[in-house]
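*Asks:* Here's the letter readout for the chains.
Number of protein chains: 2
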Amino acid sequence: MYNGEKITAEEVIAISQLPFTGIVQTLPDTVPFTAPEQMERQSGQKTILRLGANESPFGMSPQAMQAMAASLREAMWYGDPESYDLRKELERRFGFAMGRTVIDSGIDALLGLLVRVFVEPGQSVVTSKGAYPTFLYHVAGYGGLQHLVPYLSYLNDLDKLAATAREVKAKMVYLANPDNPTGTYYTALEIAEFLRDLPADCLFLLDEAYVEFAPGDIHLPPETDDARLVRLRTFSKVHGLAGCRIGYAVAHPDIVKAMNKTRNHFGVNRMAQAGALASLHDAGFVTRVVQETAKGRQEYYDLAAELGFHALESATNFVAVDVGDAERAGALVNDLWRSGIFVRSPGTEPLNRLVRITVGTPEQRQKLATTLRGICRGNRKEG
Amino acid sequence: MYNGEKITAEEVIAISQLPFTGIVQTLPDTVPFTAPEQMERQSGQKTILRLGANESPFGMSPQAMQAMAASLREAMWYGDPESYDLRKELERRFGFAMGRTVIDSGIDALLGLLVRVFVEPGQSVVTSKGAYPTFLYHVAGYGGLQHLVPYLSYLNDLDKLAATAREVKAKMVYLANPDNPTGTYYTALEIAEFLRDLPADCLFLLDEAYVEFAPGDIHLPPETDDARLVRLRTFSKVHGLAGCRIGYAVAHPDIVKAMNKTRNHFGVNRMAQAGALASLHDAGFVTRVVQETAKGRQEYYDLAAELGFHALESATNFVAVDVGDAERAGALVNDLWRSGIFVRSPGTEPLNRLVRITVGTPEQRQKLATTLRGICRGNRKEG
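Residue numbers (the numbering used here), protein chains in the order written: chain A, 3 to 385; chain B, 3 to 385.
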């Protein structure tokens, strides 16, 4: 056994001199999101309704559940590093050629990989001010420079984004369509025009996490000649598999090759591969979730109007409610949390006037409505 | 809908000019490992025995299975990004303080993160020639320089590794203990001496993936004052959760902080967190797997002797058999695959004389023995 002998002070590296890279030494001590589990530990409050991270309250397809349960018997084996069967099904189902797809453990992992593959330290990326924080977390993590364009009436300002990309010679532009956290969207035609406006050597990361919830005119064709376009999709939202960690990129074959030279090849878990494949086979389930979500959005719009707030029309599984100012938004988020309801408000102006609420099941929506009415009535009495 | 209008050639980036980083442009088109699923697709042969990747043929603990099945009901929720409950249990069970642990989706992911956090392009790392390919894959992927020290009689050459680290001013040294692919090991005392020999500003990544299978004198104390030591552990081996993708690092709190500033916070799946926690609670299961594995190793030693080969004594769940030369090792791997038995032989001299075989269940070991005897008898008749 180890004799427990102490290493002398001279021999040990001084802790302040740990030889981190230059980039890592400058990184701040922040994380993209605080999870409800962390909020529970900090506050002692138990989560009763989980409506803050746009996870699907409708769960997964029964077929996916069955496939995942069966896959537990094979969970001692690594997953297929090529996720071949799943990519084959994506090709069959959506027309995404197998040479154009990469599966990884969610869009977050893919964003990190794409930033790593394209952005050298000191190079520029462009996105909206208030866009998905995890993208910017990765940009900072790889030493990229952020150029942020303010939202225009809760829409991504496409003209300004393209102009800024030209101005700063951006390596990449990131956009979610439909957008998170506003829920707004652009049509495929508008997106294609935006892509034409970007510099010839600027990548366009198009995050389509919520695309299944949007109107039909959002859909781009499965293939494009434009090597700049990288589309990102996930099984975390409409498929209800957020906890399984699986998503995919659709990109030019040369980009796919570069991602395959750098990604963690055995990073996707076997159960997720089985669940995602089964969920693709159950198109009826996705349709039902989309329909129920549309119903729930309408209920949220009506509830917001009843309480004197303005709900943004949403093409996603959440609704962003403009409650007038950041202070009120923060207070509402806190009041809801004290009732065990987890929702979020963006941290950045002017989006911090929004309270973003995931569309719940009918029972969850009713509980939310009752609680929210109670809070607003109480506030009016106090005020 | 998108009108399908073509983007003109002038407007589209030339594919050869895709703006990859300098590092990515120089990377070769290789991957660390070919999985049995890929071999099946290439050869048309079906895998009958999966004994090539040191996955546990004993599967997972029944308690882990039950916990994972139950966790499917919560699989629509992201996992806790802090893996708090699991880290708390690691502290209780092994004395690894919570401030010293990071959970990620397996040792592969942790190796990538540690290389990223410490190695700048052009900086040096040291390991054995023939060591775990995924570590070197990540080193190449982040632009690090590899300095490889030959094995000495199938042992990592500790003196030479330390001397090389001093000589090349290495940023980090990587070592698996017990070793993969040889199965040899050093005692905690020898490892502690090796650490003292390393330069003061050189990290030591100690991969303990197989530590549970080794004799008791391998165990380092849970805490050390030496900030250079980073230990890596996994649930993929003795716990039988390879397909779940979960492992952990034990490191100085400042290193943990740096990893938390860069890692993919929502990268670990919820089922894996549940399974790993339950498996830690089932210490009896681990003991039974270790005992059965020891029995299987002895059977492999005896089988190798019977066939005129030399099996290396192993402190892991696999046995490396020296079959004399690289050609014979390659032929045996191919012959076994033609019978549907997946094993591996290292690609690097002098380890390419080894055939590495995971310890199977009693039935699997019998099937392997029968097949191997048949192959060797056939070869003798032909020769």
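Just so you know, not all the hints are guaranteed correct.
Note that identical chains are pooled: a pair holds if it fits in a single copy or bridges any two copies.
[What the hints assert, rightly or not] List of simulated lysine-lysine pairs, DSS-like, C-alpha gap at most 25 Å:
| hint | residue 1 | residue 2 |
| --- | --- | --- |
| 1 | Lys263 | Lys131 |
| 2 | Lys297 | Lys259 |
| 3 | Lys369 | Lys383 |
| 4 | Lys162 | Lys131 |
| 5 | Lys297 | Lys131 |
| 6 | Lys48 | Lys90 |
| 7 | Lys131 | Lys369 |
| 8 | Lys131 | Lys383 |
| 9 | Lys369 | Lys171 |
| 10 | Lys383 | Lys90 |
Just so you know, the hints here were simulated from the structure itself, not pulled from any lab data.
*Asks:* Are the hints correct? Go through all of them and say.
*Replies:* Verification of the supplied hints:
For a Cα distance limit of 25 Å, the shortest separation of lysine 263 from lysine 131 across copies, 21 Å, qualifies, whereas the shortest one inside one copy, 32 Å, does not. Neither within a single protomer nor between protomers do lysine 297 and lysine 259 lie at most 25 Å apart by alpha-carbon distance, with minima of 42 Å and 44 Å respectively. Only within a single protomer do lysine 369 and lysine 383 lie at most 25 Å apart by alpha-carbon distance; the minimum there is 21 Å, versus 78 Å between protomers. In this homomeric assembly, lysine 162 and lysine 131 come within 25 Å of each other (Cα to Cα) only inside a single copy, at 12 Å, whereas the closest approach across copies is 52 Å.
In this homomeric assembly, lysine 297 and lysine 131 never come within 25 Å of each other (Cα to Cα): the closest approach is 30 Å inside a single copy and 61 Å across copies. With identical chains, the CA atoms of lysine 48 and lysine 90 are at most 25 Å apart between copies only, with a shortest distance of 19 Å across copies and 42 Å within one. Proximity of lysine 131 to lysine 369 under the C-alpha cut-off of 25 Å is found in neither arrangement, the shortest distances being 33 Å within a copy and 62 Å between copies. Taking CA atoms no more than 25 Å apart as the test, lysine 131 paired with lysine 383 passes in neither setting, with 36 Å inside one copy and 74 Å between copies.
Neither within a single protomer nor between protomers do lysine 369 and lysine 171 lie at most 25 Å apart by alpha-carbon distance, with minima of 49 Å and 62 Å respectively. In this assembly of identical chains, the alpha carbons of lysine 383 and lysine 90 never lie at most 25 Å apart, being 59 Å within a copy and 45 Å across copies at closest.
In terms of the numbered hints stated before, the structure departs from hints 2, 5, 7, 8, 9, 10, listed from lowest to highest.
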